[in-house]
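Asks: Sequence:
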Amino acid sequence: MKTYVTILTVMLCFWANTSIAQSHCEDCLTPKDSVVTSYWALGVGMNIVDDSATPFGWDFIKIRETWNAVPYPSRISVGRFTENGLGFEAIGTYNRYREGKLVDGAINPALREYFAIDGKISYDLNKLVGDTGWFDPYIHTGAGFSSIGSEGRATANAGFGFNTWFNDKWGLNFNTMGKWGIKEGSTRQLQHSAAVVRRLGVDKELTKKGEKKLALIEAMEKEMKRVSDSLATAKILEEEKLALEEKRKREEEAAKLAAAEEKRLAEERRRTTLENTIKEYGNVYFALNSSYLNTPSKKVLDKIVLFMKENPSIHLNIGSHTDSRGTHEYNKWLSDRRAKRTIGYMISKGINTKRLNAVGEGEEKLTNHCKDDIPCTEKEHRLNRRSEFKILSF
Numbered sequence: 000m001k002t003y004v005t006i007l008t009v010m011l012c013f014w015a016n017t018s019i020a021q022s023h024c025e026d027c028l029t030p031k032d033s034v035v036t037s038y039w040a041l042g043v044g045m046n047i048v049d050d051s052a053t054p055f056g057w058d059f060i061k062i063r064e065t066w067n068a069v070p071y072p073s074r075i076s077v078g079r080f081t082e083n084g085l086g087f088e089a090i091g092t093y094n095r096y097r098e099g100k101l102v103d104g105a106i107n108p109a110l111r112e113y114f115a116i117d118g119k120i121s122y123d124l125n126k127l128v129g130d131t132g133w134f135d136p137y138i139h140t141g142a143g144f145s146s147i148g149s150e151g152r153a154t155a156n157a158g159f160g161f162n163t164w165f166n167d168k169w170g171l172n173f174n175t176m177g178k179w180g181i182k183e184g185s186t187r188q189l190q191h192s193a194a195v196v197r198r199l200g201v202d203k204e205l206t207k208k209g210e211k212k213l214a215l216i217e218a219m220e221k222e223m224k225r226v227s228d229s230l231a232t233a234k235i236l237e238e239e240k241l242a243l244e245e246k247r248k249r250e251e252e253a254a255k256l257a258a259a260e261e262k263r264l265a266e267e268r269r270r271t272t273l274e275n276t277i278k279e280y281g282n283v284y285f286a287l288n289s290s291y292l293n294t295p296s297k298k299v300l301d302k303i304v305l306f307m308k309e310n311p312s313i314h315l316n317i318g319s320h321t322d323s324r325g326t327h328e329y330n331k332w333l334s335d336r337r338a339k340r341t342i343g344y345m346i347s348k349g350i351n352t353k354r355l356n357a358v359g360e361g362e363e364k365l366t367n368h369c370k371d372d373i374p375c376t377e378k379e380h381r382l383n384r385r386s387e388f389k390i391l392s393f
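Just so you know, numbering that gives the first Met the number 0 puts 380 at position 381 of the sequence shown, and the rest follows in order with no gaps.
Hints may be right or wrong, so weigh each one.
[What the hints assert, rightly or not] With a straight-line Cα cutoff of 25 angstroms, these simulated BS3-like cross-link-like pairs (lysine-lysine) come out:
| id | residue 1 | residue 2 |
| --- | --- | --- |
| 1 | 297 | 353 |
| 2 | 246 | 234 |
| 3 | 126 | 211 |
| 4 | 308 | 353 |
[Claimed, not checked] Here are the in silico distance ranges between beta carbons for each label pair:
| id | residue 1 | residue 2 | range |
| --- | --- | --- | --- |
| 5 | 258 | 217 | 55 to 61 angstroms |
| 6 | 240 | 260 | 26 to 32 angstroms |
| 7 | 215 | 89 | 41 to 47 angstroms |
| 8 | 114 | 171 | 22 to 28 angstroms |
Rather than coming from a laboratory, the hints here were simulated on the basis of the structure.
For every residue, glycine included, the Cβ atom is placed at its ideal position computed from N, Cα and C.
Produce the entire structure from the sequences given, and follow the hints as far as they go.
Replies: Here it is in structure tokens:
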């Protein structure tokens with residue numbers, strides 16, 4: 000059963016944060032509960048060739064006389080290793096046979112370069128003895144081709160080795176391989192190697208102990224889900240109750256807002272009606288350079304006074320104005336006089352002074368085009384000599 004590391008990690012974190020997991024910590028999944036089953040591997044390292052013609056005799060231990068090596072990386076390999084223990088690997092190596100070394104049973108007279116390409120099939124012995132996780136012994140067989148100087152030979156190969164892993168990605172490989180020349184009369188070789196190995200495309204699998212732990216975790220998770228579902232049902236019922244209560248509150252609030260809006264609209268309608276009534280009464284007009292109220296003006300004010308008595312909540316603003324003739328200072332003084340005369344008359348008729356606000360505006364707010372130095376008729380100038388009325392509140 001393939002198990003992805005991400006899923007295991009999430010489950011481990013989930014159970015580590017529950018009281019159940021804390022009371023059964025020996026049942027938590029750990030990295031030791033899974034092993035690598037298949038992967039690609041890329042290796043780079045060193046190789047040593049023993050080509051003494053009798054590498055399996057006592058010359059094997061005569062390292063100085065028989066071993067050939069170079070002081071830099073001289074081996075590269077790429078392989079695919081499967082979950083059934085089989086591995087398929089291609090290996091390329093380079094070496095040098097130095098002068099004076101024992102090669103093919105004789106002293107090498109001159110420097111010769113060594114190239115080899117080998118393919119091997121390996122079997123992981125952990126499949127027989129049980130996986131250790133970090134120590135990975137194997138045996139292998141295969142074939143290859145070696146070139147020594149200008150001489151080439153096809154070889155049948157066999158050997159053994161092991162990997163030691165630091166983690167899922169990195170490890171070291173150590174290997175010894177016997178290489179027998181297939182052509183009659185060809186010599187035998189021993190090739191030793193050590194390499195750094197990088198694993199790619201790693202697939203992992205739970206051990207039997209890990210599978211038991213996973214089964215326990217799944218059972219615990221199922222029970223937790225049952226409890227969670229019960230709590231979720233109760234929560235849903237509670238949320239529905241709260242939703243109904245919230246709906247009732249929203250409806251009440253909507254009703255209040257609707258009532259408030261209706262009240263506002265009613266007030267606006269009333270304000271419009273009152274303002275239209277005030278406009279119908281018209282303005283109070285004054286003679287040139289005068290602030291005295293004439294008979295027509297008093298008739299207008301009498302209507303407004305009656306209107307205010309019939310609507311005791313109304314407050315008015317009285318703005319008094321002049322035409323543009325005369326200086327600004329004079330016109331401001333004259334408009335103030337007209338404002339006082341207007342408000343004084345209304346107070347004398349019984350209107351409380353707190354309900355009135357009077358302002359002299361001078362010549363600042365003309366009703367037509369009759370500004371300074373613009374010729375206008377007396378009738379046009381008269382339209383600007385006025386007191387006008389606006390509702391402040393009601």
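Asks: Next, verify each hint and record whether it holds.
Replies: Results for each hint:
Under the criterion of a C-alpha separation no larger than 25 angstroms, the hint pairing residue 297 with residue 353 is consistent with the structure, at around 21 angstroms. This hinted pair checks out: residue 246 and residue 234 have alpha carbons roughly 18 angstroms apart, not beyond 25 angstroms. The straight-line distance between the Cα atoms of residue 126 and residue 211 is roughly 20 angstroms, inside the 25 angstroms bound, and the hint therefore holds. In summary, the hint linking residue 308 to residue 353 is supported, as the alpha carbons are separated by about 14 angstroms, within the 25 angstroms threshold.
For the pair residue 258 and residue 217, the beta carbons lie near 59 angstroms from each other, so the given range of 55 to 61 angstroms is met. A hinted range of 26 to 32 angstroms holds for the C-beta pair residue 240 and residue 260, which are about 30 angstroms apart. Checked against the hint of 41 to 47 angstroms, the pair residue 215 and residue 89 passes, with Cβ atoms roughly 43 angstroms apart. At roughly 24 angstroms, the beta carbons of residue 114 and residue 171 sit within the given window of 22 to 28 angstroms.
Going through the hint list in order, the structure satisfies each hint without exception.
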